[in-house]
Amino acid sequence: MHCHRFTEAPLTRRQMLRRCSAGFGAMALAALMGDRGFAGTAPASDSPPNPFAPRPPHFAPRARNVIFLFMEGGVSQIDSFDPKPRLAKENGTPFKMKVEPTQFNNNGNTLASPWQFKQHGNSGIPVSALFPNIARCADELAIVRSMTSDFSEHAAANYFLHTGFGQQGRPSAGSWACYGLGSECQNLPGFVVLNGGKMPIGGPAAFSSGFLPATYQGSLFRAGNDPIANIRPLESRPAIQASKLRAMRQLDQSVLRRFDRPDALESAVANYEMAFHMQAAVPEVADISNETPATCALYGVDSPNPSTRLYAENCLRARRLVERGVRFVELTVPVYAGDPDTWDAHANLRKNHEANAAAVDQPVAGLLMDLKSRGLLDSTLVLFASEFGRTPFAQGSDGRDHNPFGFTVWLAGGGVKGGTIHGATDEYGYKAVENKLTMHDLHATMLHLLGVDHKRLTYRWGGRDMRLTDVFGDPVAALLA
Amino acid sequence: MYRKWLIILASLLGAWAIAIEAGAAPFDLASRRASHWAWQPLHPSLPPNLADAGANPIDRFILAKLGEKGLSPAPEVDRRTLIRRASFALTGLPPTPREVDAFMQDAGPDAYEKVVDRLLASPRFGERWARHWMDLTRYADTLGNESDAPIPNAWRYRDYLIRAFNADLPYDQLVTEHIAGDLLNSPRRNPTDGTNESIVATGFFWLNEGKRAPVDVRQAQGDCFDNKIDVLCKTFLGLTVGCARCHDHKFDAISQADYYALYGYLESSRYTQALINGREWNNAAVALAEQKQHLREAAATTMLEQAPTIARYLLATLTPSSRPAGSVTQEIGLVPARLQQWTAALKGPLGVDHPMFPWARLAAAGESAEPAKFAKLWDGALVELKARDAQAAAARHRDGDVDLCDLATHGFSGWFSEEQAFGAAPSLPGDFLPGNSPVRPVLTFFRSGAWAHTGALSRKLQGTLRSPTFEIAHRYLHVRCAGRQARVNVNIEHYVMIQDPLYGTLRWVPDSDGAEWHTFDLGMWKGRRAYVEFADTTTPDLHSSAPKGVGADGYLALSRAVLSDQGAPTSIDPPPALALFAGTAIRSLPELANRVQSLAEESLTSFAKGELPAQPNADERAHLLAWLLEHGLLDGTGTALDGDVQSRVSEILGDIRQIELALPAPQRAPATIDGTPIDEHVFVRGNHKSLGPLTPRRMLQAIGGDKQPAPPPTTSGRLELARRFTDPANALISRVIVNRVWHHLMGRGIVASVDNFGVLGELPTHPELLDYLADGFIRDGWSIKRLARQIVLSRTFRMSSSENAEAERIDPGNRLFHRAMVRRLEGEAIRDAILQVSGRLDTKMYGPGVEVFITPFLDGGYIGAYGKPDASGPMDGDGRRSVYMMVRRNFLPPMMVAFDAPPPVNTAGRRSVSNVPAQALILMNDPFIVQQAGFWAKRVLAEIPASRERRIARMYEQAFSRPPADDEMETAVRFLDEHGQELGIAPNQRGEHPGLWTDLAHVLINVKEFTYLN
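Line by line, the protein sequences give chains A and B. Using the working numbering, read the first sequence as starting at 1 and increasing by one per residue. Using the working numbering, read the second sequence as starting at 1 and increasing by one per residue.
Please keep in mind that the hints were generated in silico from the structure rather than gathered at the bench.
Below, in silico cross-link-like pairs of lysine-lysine (DSBU-like), each with a Cα-Cα straight-line distance of 35 angstroms or less:
1) K526/B x K96/A
2) K250/B x K455/A
3) K250/B x K65/B
4) K89/A x K436/A
5) K436/A x K689/B
6) K372/A x K431/A
7) K609/B x K386/B
8) K98/A x K526/B
9) K98/A x K689/B
10) K436/A x K372/A
11) K118/A x K89/A
12) K431/A x K455/A
13) K89/A x K351/A
14) K844/B x K868/B
15) K868/B x K351/A
16) K707/B x K250/B
17) K689/B x K96/A
18) K417/A x K436/A
19) K431/A x K526/B
20) K250/B x K689/B
21) K386/B x K373/B
22) K98/A x K431/A
23) K351/A x K118/A
24) K250/B x K431/A
25) K373/B x K347/B
26) K118/A x K417/A
27) K431/A x K689/B
28) K526/B x K689/B
29) K351/A x K372/A
30) K436/A x K526/B
31) K689/B x K455/A
32) K114/B x K938/B
33) K436/A x K250/B
34) K436/A x K118/A
Keep in mind the model is a prediction, meaning the values are calculated, not measured.
Make a model of the complete structure from these sequences and hints.
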């Protein structure tokens, strides 16, 4: 292992062309070949270094794609999937456990959940009245009630949830997945973030490829049919751009000859082909006008609630992206101007959580059902997670502060054991006390379901072989089907 | 020699690998140090003596290696390619057609040398190399994280780098200034404006991501310091010391103790916004101090003139009010108006804390009181005074309270007075605060203890006073201050973003001319370290928004700072009258009046000589004088002497105003300064809650040795640390920088892992060359320019990039440098080149960064992105070079990100080179690119007469430093026709049609030669 330095593949361009299946991707490698970090660290296989080509996993995957429903701000576990009757009994009385420092240090009394819980499905999983539609999918869900994070602040916790590290600079889980497995789609980015209306706190660093090459950067899609910058040609007609690209290609040929056809240049030439196709493919995948009314209705695209509508459209786009082989799709929560608080219910928990739940409940359920009916759920891991949960005691009188000590996330789909509840918090829902999960465990599980051993997915940087899971984490067997 | 190390290394690694597999990895620093090449001293050897190798030693080393493998170097590249390569390598810009022509026409043997010297002398050189350096020090203008708050004046550090590289600042000096530029006896001065240049370099420590409102502030400090240590050691030493935060390094000779030994330097240092034009301010402060003495002397003359009448006025106030005041005063030669002032001054209850308390008590009894009655009253007054005094003493020494400062006895000892306003020492009782009116040149006398007062010389001076670092053992901090437009911050564990949530209560903005107590509740942070910052400056703190009411013209006066477990301060001052009158036998009011007068006369006489603070009972005397002064009782009364004195006072006040008006605007830069020296414990497994042994501050043991002297007792020791870094015996310092220069010029370092010379890094391909260059670099005065010159002039640099199948087989990956490398330009170079060809490049240097261009896509159309600038910057960045664009961590410019500009998080000496569709999409569809293509087209149409071929040729020369080949010319001409047709432009208009030529320009920007160098 320490001999990485000797393993740089001694390939010439011609050898490479022989060894790799054709396609521009084979040549796109060239630029990366010079980068020591990449060589020798591609997972599980000595071959294909094409950054976009699919790469074999370490072992048989249970899921090919991931849809990450990022519930930014912090869904309250005790108001959603982790009922705690004791809170109702002690409502309004001083909280009986030792209170850890909080973000606002304005800690009030025990606060009961305003919502009723009912058991659902064959599994009898309790879900609160906040999520009547998701509740109908209860048997698909593997609910983790013992999730923990290391950070009480949004930005750090967001980075941690996305990159396994509480500061900027590490690659996002989506970047790692694409780095490890490549993409099965050659005209769309492998890692797409569907915008819900607000940049998550901490900024785009949560979707950064960090020290991995920019190839694996998350592409942020805005809502609508014009989702990313520079995807629309500025030329008034396709023929005009085509005419320019024709000239460019001819002139490029001359340059290729002058430069003696180095790999880097051939890759760059080929890169334009992908870009050119993306110009059509991206708006096409974002355009949901050809979906049937029934499908649209399933997601809530026809909802009178604009937030529901927006999220429904993005959930539908997520399915379309996954259908086309996009490896990792993340959705941020829907937010409209004037209410940028996401799930961050520091005050008026009831109003905040009702508004947020109303926006996501039907679209998420619609997504699960649609994926299932199309046979895609088996190969798609759906993850519903916040950066942390909320305190069982009040912030002020009617809010809840951040709580990284015990909260709930759920998984569904490819390889996940539906209808299960894993782990437990204490009787107040404050801290995880049973089968505690770290963020690294969650990441390890996610990679495991994708067929990747989190310990072997490494990249040499800053004197270490870096991992999404740092030096921690284990896949959680109890969550696997 | 190297080979020998290699063998040793290989065997050791083998043994070690076995040990790892057996589950044991013993940490033995000495053997690790002995076994890894990078720790060994420089071992320069003579360049191999080869025929045909030429004079440049670089070529001899390279050729020798090639010869061993039976390889020949690639032939020399053509001149056009060479000047293009050298121009981009040294300045980040393509050569202009004129520069290319000049080179082509210069048949002299030194033609290329002249080009290289021109490029090295170009101001563009510094811009290019500063940007390289900014990759190392993760330069950004904002803190990222949740609020993306600004790092005010970060751009001064960028400008520092540009000047440093242009001036070819010796590298050891550059390193020293980065680590300890604030501690140099005679800092370097900016040659143009005389500002302190050296201290600006220390700002790099503070360019890390800044966490907002951490719940565990000690943990946040650990994360933040970890980044600083990592950047420091990677940048200068090529060592991954950050890997030793939680345990001894897994591979290198770096112990966890090494890590925490460095941590202590950061704990012993503090953040500031340094006043870099402080020299002018210092001079002004000296001149103001001189004027203040003049003012004192002049003012004392007037006051002393009034003093002899004090007793008479006092007694005159006893006169029954029924008698007409005028008649009495005329009788005894007093001025009626003045007597009215005296009467007014003595009116009202003059309580026990008043210096005239005994007078007030006894005057009530009347002028003609019986001696016995007088004595009784007198004794009664003394009893009250003593009781009050006892109360004051008890309050002063409340059980459990601890004074954070003792200004009167210890001055600023252990404290840190930065800039001029607080001066070198507090103002003692009896010192005076200057006024600005000729009638009252003395505003008042300091009393009730010593004061740290920023207006003691002039309110225009600015400054910060910082307490020693202390561990919070009490719940409360009570501070007693007066002030306007100033602030008091409590910085806990170096956390300086004082704002809500959690930290908002750690700032107080006093707004009263009377002293007030303020209480900070520190209960949340018991056990944490903190210091208190008293500031009267224009730049409030690490985030931009000035707290409400803080500005330039305010002042801050600190009297006490008390740590306490009680929620309220105690604040009783000793009654001044006790000391003034207690020791004297007073039997009548006239005696008392005389006593008052003699006290005033004595005190004023001392004051005139500047000796009042040294007098016994100076504080009490100051109380008396202040009372007299503040009631106008010492003002001149219009005699001839008054007139002279007043005109003298006016003159001095005029001089003071002149000095104040001449003060330059403050220029500030983020910087590091010393705080209380602190050694840190090892954090077991990186956890601050689990402390291991104390680790005194020192250099890494593998470099500094086992026995290193402790840092001087009152400093952080950073200067001594810097000396360790730059010690020529530390082979890493020279090897790492030489390798970086080689990397940037040649495309790959001799050690390819430029930031990691450790075991997990790569071995040098040419260790002898590396050491030869490193050794020569030191001998040649640590000159980066001369090193770059030597490399760029080498035949090795000038080789063609053409591949030869046989050579590729023997030297795959070109590790032996048998040819030049084809390289993609950095995003900055691409953008700058576009601006240059379009004619829109503005070569203006320096200054605040150009605001980021915010598109609807930059934040994904998201609302509520914290830290989003109020207004977007211009799309073309005002045509400035990319190095001058602001770097907002949460709004990184998409073009730079797509072309692999590293995120500003850590040292990134080698950029990755990716090939992603976003790059093509930007060059194809970004409005900025199309806009510049339009400018380029118009420029060519305007500058070159109406010939399609000549215009096309010109564009090729501008973009690619060469004329088009025939087939290229043919393609371009055909494009104009066919594309013109596609656009529906009549044939006779195609020659001048800006839209058509814009499209050609756009095509050329997309031709790969625009973004790749051969």
